[in-house]
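Order-wise, the sequence lines are chains A and B.
Following UniProt numbering, the numbering of the first sequence begins with 1 at its first residue and continues without gaps.
Following UniProt numbering, the numbering of the second sequence begins with 1 at its first residue and continues without gaps.
These aren't lab readings, by the way, just hints derived from the structure by calculation.
We put the beta carbon where it would ideally sit given N, CA and C, even for glycine.
Hints should not be assumed to be uniformly reliable.
[Claimed, not checked] Here are the simulated DSBU-like cross-link-like pairs (lysine-lysine), alpha carbons at most 30 Å apart as the crow flies:
#1 B:K223 - A:K236
#2 B:K223 - A:K223
#3 A:K223 - B:K236
[Unchecked claim] DEER-style ranges, computed between Cβ atoms:
#4 B:E144 - A:C128: 25 to 33 Å
#5 A:R148 - B:D147: 34 to 42 Å
#6 B:H131 - A:R28: 46 to 54 Å
#7 B:G282 - A:E104: 47 to 55 Å
There are 2 protein chains.
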Amino acid sequence: MATVLYLGPSGTFTEVAARAAFPERHHRFVALASVPDVLEAAEAGGDVYGVVPVENSIEGSVTLTLDWLIHHVHVPIVAEWVLPVRQHLLAAERTARLGLGAVEAVLSHPHAIAQCRAYLRQHLPGACIRHTSSTAEAARLVAEHPDRPWAAIGPRLAAERYGLAVLAGPIQDSAHNATRFFVVGQLPYPRQSERAKTTLLITLPHDYPGALYQVLAAFAWRKLNLTRIESRPTGKGLGSYHFMIDVERPLGDVLVPGAIAEIQALGCAVRVLGSYPCFASGDEAERTAGL
Amino acid sequence: MATVLYLGPSGTFTEVAARAAFPERHHRFVALASVPDVLEAAEAGGDVYGVVPVENSIEGSVTLTLDWLIHHVHVPIVAEWVLPVRQHLLAAERTARLGLGAVEAVLSHPHAIAQCRAYLRQHLPGACIRHTSSTAEAARLVAEHPDRPWAAIGPRLAAERYGLAVLAGPIQDSAHNATRFFVVGQLPYPRQSERAKTTLLITLPHDYPGALYQVLAAFAWRKLNLTRIESRPTGKGLGSYHFMIDVERPLGDVLVPGAIAEIQALGCAVRVLGSYPCFASGDEAERTAGL
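Go ahead and model the full structure; you've got the sequences and the hints to work with.
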């Protein structure tokens with residue numbers, strides 16, 4: 001039995017991802033208050049995994065997750081899980097019986113509200129919008145005030161967790177909305193996949209214009225596909241960046257260590273943040289053309 | 001007389017940047033509530049400029065600014081201004097007379113608090129921390145309650161704006177903390193600089209692994225220095241990105257249009273977000289080694 005820590009509160013998409021990644025019922029699931037809390041607890045070791053969001057197809061990177069993996073913890077990424085974001089309109093039984101027309105206020109995280117803008121304009125043009133700190137917090141507030149004409153936007157799981165009815169859904173405007181999660185831990189992830197990635201943190205040498213091009217050359221001539229390149233500040237001033245690069249091969253692949261050695265020979269610092277199997281729920285098989 | 005719109009409230013680092021970029025006293029300075037408000041008003045044209053933060057050396061990109069420039073407005077970047085972030089501890093006269101030992105609560109934006117963590121631990125280990133929506137909001141709250149033993153963390157300008165005394169400063173932990181601002185507008189920026197950049201938005205073709213490497217090659221063989229490369233989601237699913245690339249040359253340089261034409265011939269979409277002079281206040285001459 002493993003302990004699976006995830007970014008809480010309970011009933012968010014991160015819990016959906018945690019339960020998809022660890023479908024066996026006997027695991028212990030614990031919601032923690034912040035991304036640093038999850039990463040630090042997973043770093044401490046034992047039969048403990050952490051699940052945190054890393055990237056959304058609309059909002060982009062979760063920089064807090066990247067920066068903690070870069071600067072504050074040393075815990076390997078052991079799996080990737082991609083989840084479609086499917087927002088639903090959730091309400092207490094009384095409001096649900098009255099129907100959509102009865103909803104006077106819609107509560108959710110600003111990102112979730114933004115993701116359902118077209119739906120809200122069409123179906124609830126007069127509703128007042130209230131922002132909350134998470135989709136689960138919105139569901140909790142709606143459940144706590146069952147007599148108010150309120151609805152929350154959130155995952156179907158939040159309806160289960162807080163005893164709400166699903167009024168409508170999925171209601172997000174884009175079918176392409178997906179979030180990528182990392183599973184981190186000191187023990188290997190218990191399942192295999194045909195797809196694997198290696199995430200490298202590469203820091204270019206000072207005073208070497210063109211170094212990034214040379215780094216990409218080391219991958220390109222080996223036909224190693226990159227699925228993502230993300231720059232994050234080193235903290236040493238504007239213009240100084242770490243590059244987080246996802247290679248679409250496991251570290252055990254014969255070509256990857258050669259590319260790393262070549263990049264190090266250029267004077268770059270290279271840290272392997274993880275080499276891990278990749279999974280997706282539902283229809284979210286990731287694009288694999290690469291950069 | 002130009003109208004200079006900046007991300008408010010009054011007394012933040014963005015106002016400091018706006019006044020540095022337009023030092024003539026006769027301009028009209030107006031604080032707006034959000035980055036989209038500033039960009040949309042500047043897009044409308046006339047003798048109007050907008051000033052918004054785009055990147056901090058510790059926090060990274062201001063993704064709201066990038067995403068609005070990419071997806072929602074068409075207004076050119078006409079200047080870059082880099083400003084050192086110098087945090088100060090600000091208090092009402094009464095608290096200032098009693099000295100540091102009297103401060104029981106410190107108010108500021110979470111980023112400003114984080115930037116002064118070492119100072120607070122050493123000098124105010126017992127003070128309670130309260131987060132506010134901006135450094136200026138913290139200064140306003142402190143000024144409104146002059147009898148409370150409170151201090152705000154913010155720029156020196158906030159002391160002027162809200163009638164506070166400077167108890168200590170600069171107090172931020174890192175000397176490398178700087179923020180980069182864009183000036184946008186439909187008219188050219190009125191001053192020249194020896195340094196210039198061109199910011200390009202490049203979208204790679206589908207199903208062409210290695211395209212990013214080819215894009216960088218077009219710059220590398222011309223020895224066109226890149227100072228930044230940032231990926232932002234296109235909104236079409238995970239793995240699909242725009243790349244915002246800063247080239248350290250003006251668009252009028254003989255080599256830049258050739259590079260753009262070559263990149264377009266690869267099947268990439270290229271949009272010029274601006275070609276602009278670069279300025280820095282104080283000691284923040286930017287690193288120029290390039291990527």
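Please write out, lowest number first, the hints stated earlier that are contradicted by the structure. 6
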